[in-house]
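Please work from the sequences and hints to get the whole structure.
Going down the list, the sequences are from chains S and R. Just so we're aligned, residue 1 is where the first sequence starts under the numbering used here, counting upward by one. Just so we're aligned, residue 1 is where the second sequence starts under the numbering used here, counting upward by one.
I should point out that these hints are in silico values taken from the structure, not numbers from a laboratory. Be a bit skeptical, because a hint or two may be false.
Said to hold, decoys possible - No more than 20 Å apart at the CA atoms, straight line, and that leaves these computed lysine to aspartate or glutamate pairs for DMTMM-like:
id, chain 1, residue 1, chain 2, residue 2
1, S, K163, S, E199
2, S, K30, S, D115
3, S, K12, R, D40
4, S, K72, S, D105
5, S, K95, S, D115
6, S, K33, S, E108
7, R, K26, S, D185
8, R, K26, S, D243
9, S, K182, S, E146
10, S, K182, R, D27
11, R, K109, R, D58
12, R, K26, S, E194
13, R, K26, S, D113
14, R, K26, S, E250
15, R, K26, S, E146
16, S, K112, S, E101
17, S, K34, S, D113
18, S, K70, S, E126
19, S, K80, S, E224
20, S, K182, R, E23
21, R, K26, S, D190
22, S, K182, S, E250
23, S, K163, R, D40
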Amino acid sequence: MSGRVIVITSGKGGVGKTTTNANIGTALAKTGKKVVMIDTDLGLRNLDLLLGLENRIVYTIVDVVEERCKLKQALVKDKKNPNLCLLAAAQTRDKTAVTEEQLKDICEQLKKDFDFILVDCPAGIEQGFQNAVAGASEAIVVTTPEMSAVRDADRIIGLLEAKEEIKSYKLLLNRVRPNLIKTNDMMSVDDVVEILSAELIGIIPEDTGIITSTNKGEPIVNDEKSLAGKAYNNVARRIIGEDVPFLNLEEPQGVMAKVKKFFSGLMGKEKV
Amino acid sequence: MLLANLYNKVLGFFRQTDTEQTESSKDTACNRLRVVLMQDRTNLTPELMERMRREMVDLLSKYVEMDKDALELNLEQDGDQVALMLSIPVIRAKDEDEIKAALEAEDAKKSQEESSAEDEDGDVDNEETSDSSEDNSENEKASEEPNENDSKAADEEKEDSTTEEQPKEKDTNKEK
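Below, the structure is given as structure tokens:
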């Protein structure tokens with residue numbers, strides 16, 4: 001087995017890298033793939049929290065590179081899905097505790113046992129980013145339809161293109177708010193795609209369910225009703241190679257919106 | 001009648017209000033982003049752009065007489081390509097003798113420099129901006145090309161000396 005190493009990065013902080021990582025990882029594992037997630041955000045680890053695994057971590061990636069344990073010992077199995085593992089970051093150390101070479105080496109070893117290795121990248125473009133990207137051959141650039149996030153994503157894309165090892169990168173547009181786009185108060189998906197001229201792999205709507213799911217340590221892909229969860233599941237299927245159309249986020253959700261749609265439909269018929 | 005009126009009112013309520021004609025905040029964001037990204041992608045600071053502009057003025061003045069202060073040099077995005085847009089208000093096309101004289105003067109100056117400066121072979125024309133990135137040199141090379149076309153265009157427009165004529169030369173130059 002030779003797994004695919006995908007780094008999930010963004011440049012800007014707070015756009016949803018870690019949430020994306022937890023959800024894509026969980027969604028991939030649900031399809032039966034063997035998945036390991038590596039948190040490379042040394043000193044600021046959070047992936048364990050989103051997965052609800054914070055109490056199960058014994059060894060971290062720093063313990064592995066400093067040879068206090070074997071790589072396999074440091075992998076924490078998910079509560080629900082045995083196909084899913086986490087290699088946690090150390091909370092007490094900084095970004096210099098692991099080098100690019102060491103990360104590359106870890107990825108190489110994990111490739112033998114897993115279908116997917118998802119690397120959670122820290123914010124910024126410094127050493128932490130360089131480390132996270134070192135072992136990867138694919139990248140997912142997470143951004144939101146906000147100016148600062150798009151600008152940072154453009155910078156990241158420039159850096160990724162300069163790296164020979166990165167064979168492809170795709171854009172994931174997070175926290176999209178269809179209502180704001182409708183009133184022209186937020187850049188649309190097309191706007192962002194055009195400005196960054198990158199291929200899209202997912203459009204995730206803003207969803208308050210993300211907050212509650214984080215509170216519970218339960219990725220939102222496990223919630224069948226959630227729109228964001230559906231969108232993340234679709235991203236996972238696209239990664240595997242399925243041709244899945246993008247969700248129609250414009251679909252009105254509330255009762256009032258449905259009434260409105262009904263009437264505007266009537267109106268349209270009247271006119272014709 | 002009353003019923004139809006009421007019906008229309010209800011429809012009006014549910015109908016979406018048309019967005020106003022003024023630029024939306026989203027458009028503002030897109031436009032600002034495009035500008036800032038072009039600067040980010042090329043590493044061309046405003047100072048370098050100004051220097052490039054001045055050099056273009058010097059270069060083109062040999063062939064046409066133009067409004068030097070009105071020459072505009074801007075980066076614009078065209079799809080996934082970044083284009084260097086040059087807008088030159090031509091006042092008057094120079095006649096052959098003038099162009100010849102200007103070129104000869106320059107050639108003379110060059111040969112003088114070459115003979116006097118034996119130690120360094122770096123020609124001033126080729127490395128005018130001391131920059132750090134490849135993009136810059138690429139941009140500059142590309143920007144020198146429109147020259148010929150420009151003088152031709154100017155010749156055709158002889159006597160047409162209004163500044164309104166702004167032959168736009170476009171140079172595409174793939175970034176990234």
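Verify the proposed pairing of S:K163 with R:D40, using a straight-line Cα cut of 20 Å.
Status holds; Cα separation ~18 Å.
Checking one constraint from the list: CA of S:K182 to CA of S:E250, max 20 Å. Satisfied?
OK: S:K182 and S:E250 at ~8 Å, within 20 Å.
Is the hinted pair R:K26 and S:D190 satisfied, with a Cα-Cα distance of at most 20 Å?
Holds, at roughly 12 Å.
Just to be careful, I want the Cα atoms of R:K26 and S:D113 compared with a cutoff of 20 Å; is the pair within it?
With a Cα-Cα distance of about 46 Å, the restraint between R:K26 and S:D113 is violated, given a limit of 20 Å.
Holds or violated: are the alpha carbons of R:K26 and S:E146 at most 20 Å from each other?
holds, 9 Å
Run the distance test for S:K72 versus S:D105: straight-line Cα separation, threshold 20 Å.
holds, 14 Å
Could you grab the alpha-carbon distance between S:K95 and S:D115 and see if it respects the 20 Å cut-off?
violated, 27 Å
Given the hinted pair S:K182 and R:D27, is their alpha-carbon gap at most 20 Å?
holds, 13 Å
Would the pair S:K70 and S:E126 pass a check requiring their Cα atoms to be no farther apart than 20 Å?
The hint is violated at about 28 Å.
S:K80 and S:E224 were given as a pair; does the straight-line alpha-carbon distance stay at or below 20 Å?
holds, 16 Å
Are the Cα positions of S:K163 and S:E199 separated by 20 Å at most?
Holds, at about 18 Å.
For a C-alpha distance cap of 20 Å, please report whether R:K109 and R:D58 respect it.
With a Cα-Cα distance of about 15 Å, the restraint between R:K109 and R:D58 holds, given a limit of 20 Å.
Checked against the numbered hints listed earlier, the structure breaks hints 5, 8, 13 and 18; every other hint is satisfied.
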